[in-house]
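These protein sequence lines map, in sequence, to chains A and B. Every letter in the first sequence is one number past the one before it in my numbering, and letter 117, counting from 1, is 117. Every letter in the second sequence is one number past the one before it in my numbering, and letter 260, counting from 1, is 609.
Because the hints were derived from the structure by calculation, they are not lab data. Where hints are given, some of them may not hold.
As the list claims (entries may be wrong) - Simulated crosslink set (EDC-like; lysine to aspartate or glutamate; CA at most 20 Å straight-line): (1) B:K623 - B:E448; (2) A:K133 - A:D171; (3) A:K133 - A:D313; (4) A:K294 - B:E599; (5) B:K643 - B:E659; (6) B:K623 - B:D637; (7) B:K623 - A:E74; (8) A:K133 - A:E99; (9) A:K274 - B:E423; (10) B:K643 - A:E250; (11) B:K482 - B:D637; (12) B:K482 - B:E681.
Protein chains: 2
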Amino acid sequence: MSGDIIVTAEALKDFAARVFIACDVSPEHAKLWADILVWANLRGVDSHGVLRIPRYIQTLSNGNINARPNITVERRAGAIAVLDCDNAPGPVGMSRAMEEAISCAQQVHVGWCIARNVTHSGAIGYFAQIAAKAGMAGIVMIASRPMMAYHGGRTAALSTNPLAIAVPGGDHPPLVLDMASSAVSMGKVLEARDAGQTIPDGWALDASGHMTNDPNDAAILMPLGGAKGSSLSLMMECLVSIMGANPLIEQLIRPGADPSGFRQNGLAVAIDIKAFIGLDEYGQQVDDLADAIKALPRADGVDEIYAPGERGDAVLAERAQNGIPLPQGTWERLAEGAGKLGVAMPAVG
Amino acid sequence: MSGDIIVTAEALKDFAARVFIACDVSPEHAKLWADILVWANLRGVDSHGVLRIPRYIQTLSNGNINARPNITVERRAGAIAVLDCDNAPGPVGMSRAMEEAISCAQQVHVGWCIARNVTHSGAIGYFAQIAAKAGMAGIVMIASRPMMAYHGGRTAALSTNPLAIAVPGGDHPPLVLDMASSAVSMGKVLEARDAGQTIPDGWALDASGHMTNDPNDAAILMPLGGAKGSSLSLMMECLVSIMGANPLIEQLIRPGADPSGFRQNGLAVAIDIKAFIGLDEYGQQVDDLADAIKALPRADGVDEIYAPGERGDAVLAERAQNGIPLPQGTWERLAEGAGKLGVAMPAVG
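Build out the structure end to end from the sequences listed, making use of the hints.
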């Protein structure tokens, strides 16, 4: 957009890391956290990019995110590992969880690591593609707190728990699925609000639990495909939070529940492809499949068909070349947060 | 319905097994196959029940389903196993796959079994709940042949690849999610056709690839939530078929493809809950969560909220008591198929 500030990925990463370091995050963790935020911006997922920084500054300062977590391995046995992340920044906890999963998979071909007590993890496709870059398939789930209706209900009962799956290609970048279990993200509702448009049936309920077409009244997201999305989200609570002995949902939706708290749980799975098939052959088949999808006859009005992750790959190619555009509003909120910390803004252009 | 024939579950299982035995299936495999079909009927999933038998008779006789498969374990290593199912009846192959997964999980806490060359597997929640009954979480995926559009495409490019997840409760029956990656099943389209109703946008395309509201013109199903459903289906092809060195989709959608063949691939995953948390505590938490979901404030017009699988549990309780109703049309098609094989129909009532 015409008023956007353009910043290179490197300058933006450096800036984000300096902010986190100013909030007492270790340089190593700050760099990792900055990397995933700017990865999201590079791929066009701006809702999970640096615009989150002002909120992270706040949650670091009130202790909901622990700047100096003591991440402990509670269990390692065969294919499984359990981490307690001590309310670490989500990307720090989930990157570590995927490393543990990959380590298990190097031994017994599958690794299944539950990370208890993580915090907001951002664009979770990032963790899945860590596995893909290691020649493995990666699966990531996050179980979080109520903000979506259960099918048939009219209150916020479940999170929009996301699922990511990544597999390596040969010449093609990894295919990456990263989907929430809601019909749409709150970001889409906010876009409609900003554009003065109505929203379709099935996106959101108002605060009293009635379906709304007015994005200004939207308070509770609706699940993807009704029962499918809410069941998928609920099963993630069972596979991730309850399995990790850190249940979230039941105690937040029971009558008289105290909605305070901030913790989430995550799951990172790695599958050792070469235990099944040669990695070169696997990559070749994925490439061929992606090519065949790209070449499918298109529906009316569709210019291009994208295999999972290809849309982000295309934005990344453009933004790596031309820089990341930040809306004025985002820039100003970043400047305000950084200013209080005495952190200089990134160079522009 | 008033014209339905009522048959007990036991009589229907016995009948189905006798049909399969008459088609040269071994008594052990026939019994297992009959059990899953009637399980689907008991739970109200009639589309995956005994109405499939006439089609199975046909595919057994033309060799697309192998009545006497030689199922071989191609690999067992750590958490993984690979089966070649030799075009076994799907339920035979997938039950065996889940047994292998459970066996791996007993050793290293996760089992991940790919079953190559299975055939139609029916209601795959059945295999997931085998794990739940063994005190494990179960995940099942099936990768099959094109019948659904890819997001942005206008041809049948992907299957409606289903995903099932089951976890054990304590007093509560297992929670079971069993969902296709399409917006709706073809069964829903056929229901609308029979009822003379239109279908909403987003359900199906006609044969020329245009969205249709006329169920009589519906030829290609549409993916759940657009890109989400088609990406999920595609990733199952990558995780199951390509990983199992038995890719299906690319060679069926490339220009000039030969659409013959029948094979599918499956994945059965078992996770050893007690490696993470006491099984009693796990079951208690699942029960509490299911109770809390049941007690949620309901949307207008909703009489009851169901945790995943509870709707089927309720139908099962009723049908186990009162018998399974079979529409006249189903009964007649069963009688025709059974008659040719010299198999007596089940006792009625």
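Exercise for the section: Could you work out which earlier hints the structure fails to respect and list their numbers in ascending sequence? Expected result: 12
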